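Engineer: Spelled out, the chains give:
Protein chains: 2
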Amino acid sequence: MAASISSDVKLLGFRASPFVNRAQFALNLKSVNYEFIVEDTDNKSELLLKSNPVHKKVPVLIHGDKPVNESLVIVQYIDETWSDGPSILPESPYDRAIARFWAAYIDDKLFGSIMKWLTDAKDEESKAAVLEKFSESLGLLEEAFVKSSHGKGFFGGENPGYLDIALGCHLGWLKVVEMDAKVKLLDETKTPALAEWSHRIQSHEAVKGTLPEPDELLSAL
Amino acid sequence: MAASISSDVKLLGFRASPFVNRAQFALNLKSVNYEFIVEDTDNKSELLLKSNPVHKKVPVLIHGDKPVNESLVIVQYIDETWSDGPSILPESPYDRAIARFWAAYIDDKLFGSIMKWLTDAKDEESKAAVLEKFSESLGLLEEAFVKSSHGKGFFGGENPGYLDIALGCHLGWLKVVEMDAKVKLLDETKTPALAEWSHRIQSHEAVKGTLPEPDELLSAL
Numbered sequence: 001m002a003a004s005i006s007s008d009v010k011l012l013g014f015r016a017s018p019f020v021n022r023a024q025f026a027l028n029l030k031s032v033n034y035e036f037i038v039e040d041t042d043n044k045s046e047l048l049l050k051s052n053p054v055h056k057k058v059p060v061l062i063h064g065d066k067p068v069n070e071s072l073v074i075v076q077y078i079d080e081t082w083s084d085g086p087s088i089l090p091e092s093p094y095d096r097a098i099a100r101f102w103a104a105y106i107d108d109k110l111f112g113s114i115m116k117w118l119t120d121a122k123d124e125e126s127k128a129a130v131l132e133k134f135s136e137s138l139g140l141l142e143e144a145f146v147k148s149s150h151g152k153g154f155f156g157g158e159n160p161g162y163l164d165i166a167l168g169c170h171l172g173w174l175k176v177v178e179m180d181a182k183v184k185l186l187d188e189t190k191t192p193a194l195a196e197w198s199h200r201i202q203s204h205e206a207v208k209g210t211l212p213e214p215d216e217l218l219s220a221l
Numbered sequence: 001m002a003a004s005i006s007s008d009v010k011l012l013g014f015r016a017s018p019f020v021n022r023a024q025f026a027l028n029l030k031s032v033n034y035e036f037i038v039e040d041t042d043n044k045s046e047l048l049l050k051s052n053p054v055h056k057k058v059p060v061l062i063h064g065d066k067p068v069n070e071s072l073v074i075v076q077y078i079d080e081t082w083s084d085g086p087s088i089l090p091e092s093p094y095d096r097a098i099a100r101f102w103a104a105y106i107d108d109k110l111f112g113s114i115m116k117w118l119t120d121a122k123d124e125e126s127k128a129a130v131l132e133k134f135s136e137s138l139g140l141l142e143e144a145f146v147k148s149s150h151g152k153g154f155f156g157g158e159n160p161g162y163l164d165i166a167l168g169c170h171l172g173w174l175k176v177v178e179m180d181a182k183v184k185l186l187d188e189t190k191t192p193a194l195a196e197w198s199h200r201i202q203s204h205e206a207v208k209g210t211l212p213e214p215d216e217l218l219s220a221l
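Residue numbers (the UniProt record's numbering), protein chains in the order written: chain R, 1 to 221; chain Y, 1 to 221.
Hints are not guaranteed to be accurate.
Identical copies look the same in the list; a pair holds intra-copy or inter-copy alike.
Stated by the list, open to error - Simulated crosslink set (BS3-like; lysine-lysine; CA at most 27 Å straight-line):
1. K190 / K147
2. K109 / K66
3. K127 / K56
4. K44 / K147
5. K147 / K56
6. K184 / K122
7. K109 / K57
8. K147 / K10
9. K116 / K56
10. K57 / K147
Because the hints were derived from the structure by calculation, they are not lab data.
Small disclaimer: the values here were computed from a predicted structure and weren't measured.
Can you build the whole structure from these sequences, using the hints too?
Structural biologist: Written out as C-alpha cells, the structure is:
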C-alpha cells in the first residue's frame with residue numbers, strides 16, 4: 001500500500017518507551033508517514049510541555065496543530081482518522097469492548113508487573129511474588145488470545161489489531177525481565193499460543209525495527 | 001423517545017458505585033430498558049464471578065449472554081450497540097480523543113482524590129494536600145468544559161455525552177467530600193461553568209433519580 005501523505009504528523013517520544021512504540025506500530029500499520037521527534041525526559045521540550053500540559057508525558061501525536069495524548073487514545077485516534085487503512089479495532093461492538101478491556105488489563109497488570117520488577121522487586125520474596133503475577137497475567141492473556149484470534153495468527157485475526165499493538169509494545173521490556181530473572185515468561189508450555197504470537201508480531205513489518213532489542217532498553221535504564 | 005425493547009439487558013451493581021451509575025446514565029440516555037441486579041460486595045453472586053472472572057467487580061453489563069466489564073468500556077459498548085439513540089461519544093476523531101483523554105483523567109485524578117479523602121486523609125496536612133489536588137483537577141476540568149461545550153450546556157454540547165457521564169457519576173461522592181470537608185469544591189467563583197453544569201446534569205432525566213444523594217452514599221460507607 002502506498003504511504004499516505006502525512007508530513008503534518010509528528011510523534012514526540014523516545015524509543016525505549018513501550019507506549020511510544022505502541023503509537024509507532026499503529027502509524028506503521030496504517031502506513032502513515034510521521035516525523036519522530038526525540039524527547040529527553042530530563043529536559044522536556046517546549047513543544048511537549050505545550051502539547052501535553054496535564055501529564056507532560058510522551059507519547060504525544062501532533063496531527064496538524066492538534067495534539068493527542070495517551071497511547072491507547074492515540075491508537076484509537078489513528079484508527080478513526082486514517083479509516084481507509086487496515087482496521088485496528090475490531091468491527092463488532094462486543095469484540096471492541098473485549099479488546100478495550102484487555103488493553104486496560106495489559107497496562108494495569110502486565111506493565112505494572114514489569115515496572116515492579118524493574119524498580120521495586122529487590123529481594124527473593126518480592127521477585128517471586130512478581131513472577132507469580134506475570135504467570136497469572138500471561139495465563140489470562142493466553143486465554144484471551146485463543147478466544148480473540150479464532151485460530152488465526154493475531155488477536156485481531158489474520159492481521160494485527162488493537163491488542164496486538166497494546167501487548168506487542170511491551171515485548172521488549174518483557175525480554176529484559178526474562179533475561180534479568182533468568183526465566184522464560186512467554187513459555188512454549190504454559191503459554192504456547194502467545195509464545196508463537198510473540199515471534200509473529202515481532203517479525204511483522206509494522207513492528208520490526210521499531211520495537212527495541214533488550215540491549216538498547218537496558219542502556220536506557 | 002420510546003424505550004428500546006431490551007429485556008435481555010442486565011446490569012450488575014449497586015447504587016453507591018459511581019461506575020455503576022455511569023453505566024446507568026448511558027443506558028438511560030439511550031432509553032434502553034434493563035434489569036438492575038443488586039450485588040453484595042461481601043457476598044458476590046455466581047453470575048458476577050462468572051461474568052467478570054478477572055476483576056470480580058461491578059459494573060457488569062450483560063447483553064443477551066455476553067458480559068461487558070469496566071465502566072468506560074461499557075459506555076462505549078452502549079454507544080456503539082444502540083447507535084440509533086443519541087450519540088454519547090462526539091463525532092470527530094479529535095473530539096473523541098479529547099473526551100477519552102479527560103475521561104481517563106477523571107478516573108485517575110479526580111476519583112483518586114475522592115478515594116484518598118475517604119480512606120487515607122486523616123490528619124490536617126494530608127487533608128489539605130487532597131483538597132489542593134481537587135482544586136487543581138477541577139480547575140483543569142473547568143477549562144476542558146469551556147473548550148468542549150462550545151458555550152452550550154454540556155461537555156457534549158446541547159446534550160449530555162461521554163464526559164458528562166464520566167464526570168457526572170462522581171458528583172454524589174464529591175458532595176460527600178464537600179460536606180465532610182465543609183468546603184465547596186465546585187465553586188461558583190473558581191469553577192463557575194462546572195458549578196452550573198453540575199446542576200444541569202443532575203436534573204437531566206438520564207441522571208435524576210439515578211445518582212444517589214449524599215445521605216444514601218454515607219450509609220453505604
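Engineer: Next step is simple, just say for each hint if it's right about the structure.
Structural biologist: Evaluation of the provided hints:
1. K190 / K147: Classified as within; 16 Å inside a copy, 50 Å across copies.
2. K109 / K66: Only across copies: K109 and K66 sit 24 Å apart there, 31 Å inside one copy, limit 27 Å.
3. K127 / K56: For K127 and K56, only the inter-copy Cα distance (26 Å) is at most 27 Å; the intra-copy one is 31 Å.
4. K44 / K147: For K44 and K147, only the inter-copy Cα distance (26 Å) is at most 27 Å; the intra-copy one is 42 Å.
5. K147 / K56: between (37 Å within a copy, 20 Å between copies)
6. K184 / K122: Within one copy, since 19 Å is at most 27 Å while 44 Å is not.
7. K109 / K57: both (20 Å within a copy, 15 Å between copies)
8. K147 / K10: Intra 35 Å, inter 23 Å, cutoff 27 Å: inter-copy only.
9. K116 / K56: both (22 Å within a copy, 23 Å between copies)
10. K57 / K147: between (34 Å within a copy, 22 Å between copies)
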